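*Asks:* These are the residues of each chain, in order.
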Amino acid sequence: MATKPMELLQGTLDVLVLRTLAWGSMHGYAVSRWIHQRTDGVLEIEDAPLYKALHRLERAGFVSAEWGLSENNRRARYYALTSAGRRQLHAEESAWRRYAEAVFKVLEPA
Amino acid sequence: MSARRKRFFRVPWRTARQIRADVDEELRFHLDMRVDALVALGLAPDAAHTRAMQEFGDLDDARRYIGAVDRDIEAAERRSEIMKDFWHDVGYAARKLRATPAFTLAAIVTLALGVGANTAIFSVVNRVLLQPLPFPQAERLARVVYTQQGHGDAGTPMDLVDNNAHATKFVGFSMMEGTTANLIRDNNDAERVQGVRVGANWFTLLRVKPIVGRFFTEGEDKHDAANVAVIGEQLWKRDFGADTSVVGKSVRINSQPYTIIGVVAGDQRYPITVELWMTKRYTAQESSDGSRGARWLGVLARVKDDVPVADADAEVTRISEVMEKQFPEQFRERRAHIKTVQQYLTGDMRKPLLVMLGAVAFVLLIACANVANLLLVRATAREGEMAIRTALGAGRARLVRQLMTESLLLSACGSVVGLGVAKFGMYELLNRAPQNLPLVAGASLDGGALAITAILAVVTGLIFGILPATQVRKDDLAAALRAGARGTRTRPSANRMKRVIVVAEVALAVTLLTGAGLLLHSFTNLMSVDTGFRPEGVLSMKLVLPARTYDSTATRNFVRALETRVRALPGVQSVGVSDNVPLDGSGNDFTFAIRGRSHVRASDEPSTAVRLVTSDFFNTIGIPVLSGRSVGVEDQPGTAKVVVVNRTFAKRFFPNESAVGQAIYLGWGRDSTGESRQIVGIVGDVHDAALADQPEPIVYTPMMQTPGQGLSILIRSKGAPAALAAPMREVVRALDREVPVYSVQTMEERVGSSVGQQRFYATLIGIFAAVALVLSAVGLYGVIAYAVSQRTHELGVRVALGATADRISRMVIGEGLILTAIGAAIGIVGSVVAGRLVTTLLFGVTPLDPVTIGVVVGVLALVATLASWLPARRASKVDPLIAMRGD
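In order, the protein sequences belong to chains A and B. Using the working numbering, you'd call the opening residue of the first sequence number 1 and step up by one each time. Using the working numbering, you'd call the opening residue of the second sequence number 1 and step up by one each time.
In case anyone wonders, no lab produced these hints; they're calculated from the structure. Just so you know, these numbers come straight off a predicted model, no measurement behind them. Using N, Cα and C, we set each Cβ at its ideal position, and we do this for glycine too. Take these hints with a grain of salt, some might be off.
Covered stretches of chain B (in silico footprint by chain A; criterion: 3 or more residues with CB under 8 Å from a CB of chain A, positions within the stretch not fixed) [what the hints assert, rightly or not]:
1) 56-62
2) 65-79
3) 756-768
Required output: the full structure, derived from the provided sequences and hints.
*Replies:* Listed below in structure tokens is the structure:
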């Protein structure tokens, strides 16, 4: 495995964001940290595309957003999965799994 | 979720600037959190900031992108909330309307009547006055109309020559001569068809294309050209099975062989009632200066596409002035103007149709007033509800929007039902419309009518919805709340408004009723005009003998044989033949000179209608002989030429002496011998063209002495005249099967249809006025009844203090009558104005006819008393105990 972080595949970020929010409503910074910790820094994820994804998903109706108070008492924008978002996550997840399985089948020695 | 949340706890809409601020705040929060975390890990603040920015990536791009996405989200939410509010309002309005079915039904029926009547009448107006005739650039297609010394005049063949020589603003001119055509195809019986002889450029000027075949080409109106004819689409379908092989087919028209060359589309015919077009060929005499005195042609013209129609009009007038200078004798004071074909066709209908449109508009206004009143009553009853909604945070604008939604929903329902009313109304209207109203039959509920209905729905909804909506006020909602949701509190301004509306309604109804009364009065006047003959029991019909096979002798023989055979039919009392039927008004006028009086210039000679009659004509139709003798069987070709004149002729031309015994020279082609005709008798007047016209002078000449080929046969029957129609046809068929009988009608039918238009308009406006009367009575009743129910407490106190039932009901009725009186006074002022507008439609009444206005006011007073009497009775039965306890 290369030491340099890998570039993200198109559309992958959306699934990651949805999956993250499936744990519960959280603000953008929390989403960013969560993804970093879960991927152990293997994936190179900047925060700018992450926020773009959050708002794009809001426009698509997959997440809803509202202002709330953060753990240190500051106004923060909290995101939560909508039921449409939950369905979307489900669909994307299974698509990803099938994709990954197919790739593994090719890569693994017979 | 956010959208639903906003429904209950409205979050104000964010501006673009606020959105930007929110985006900045969100991103700043992220960066601050990250910097704090890195500092906690031991980085220097500066390094931590640099690191956080690095991790973030392109901050400006993200900010722009997120801002744009958020604005999209905001706009979408705004849209969806407006739609949700709208559907919520509609649903709420529908529930509210369903909760009061009596009110809703009353409002919908009222509106449906108003909207339906307007849609129906508009459809007719649209077809007749607004939609152009289906010719390319129809607005440049015109008739040249002539007047001479103030009287209507027709064209001479020389007008074509003059116009072609001098006009520069026209594409061209073409002349037409109306004719009846006896059409025979194959071995069928002759059929009488409305035909016309026209110039070869006729269809070129109309700019229409044939459905099949071709139209006339240049030169086909020359003398030696082959006989060709164009037929109309209806005739083509009726007689030729819409077979395209009709082109080239030979038929016989007026006993001459013709070849059909083309078919013209049914709606592109001109004139619109014609089914057969042939070319007009002029004789050498007709196309010489000698024919300038003979006027019998119609002139069609097309104005050049780039010339204003007004300029073209000025040009024909100028040409007529030039021609008067050249031919001062024949063309003295003769002027030309152009009228577009549409004006020419529908000019007479413009006024009555616009009056009808005004009348239905009044009906709609009254309907709106009624519904506004109903809504006002409702609004008062709902003050409690409004107060509660305001207390819960509904803004005034929101409540007004809710009320307007209710009004518009109501008007939309009313308009949908109104379309049904319109459809039914159109059906009845078209069935009852007299045949001689051009274009009316083509009216239908088309896109234009639907559009007008939609506009009416919105406009009426706004009109009657705006008043109750203005009653929503914030300042006194607290008071309304205190009064409780029962809504028994009355605001004086609302009551005043209801009264104003009723007064307006009554005023409108009086104006409309007066207009209707004047037209109905005119109609009864018209019906009571003495026709001058006895129409009952008389059957009439027409036929035209082909001039080619019927010379004078043959015509005489035909008429003699016809009279003999008809007289022999069972049930026939007498039979007379003329060249015209009274009330038909299609005769020709001729100038004449009186023997023994000094010679006058040709253009100053008096003129008279001339009719050809057989000896039994007068007693058959029932025109009395006043002095001298009638036309007799002894007046034959060989004997001295005689005439009988009508009373108007005798009075006008022989005011101080007896007309009988005098002699006249008729300026008639057939009188070129210069032989005078002695007046042997005077007969009663008949209304020749229309009952509304004054009788004009008529000279009757014996048909045997001067026979004509166009015959009108009149039969007085012992029984029902219509039963003679079939045997009569048989008689004519036996005499000549190439001669079709047409226009078979009893004289009573002719009298009826001669006033058909007046009857039609009077009936229409009568119906509108009746609807208006009923609606305003209902409005009055509503207001008085409501006022009584509001005053129950007060009335109870009055009764308790000793007011008698009689006194109470007088008080209530008095209130109704005062409103009616104010409305009537305003309405009479309105009817003075309206009367002016309908003056030209009146007959025998002045616009300020006191009888009509008196009757209208009387009827209204009666209706108003009745409308107030019902609530008054309830008021007089108020039980003071219950009334006062109920408060």
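*Asks:* Taking the earlier hints as the rules, which of them does this structure contradict?
*Replies:* Number 3 only.
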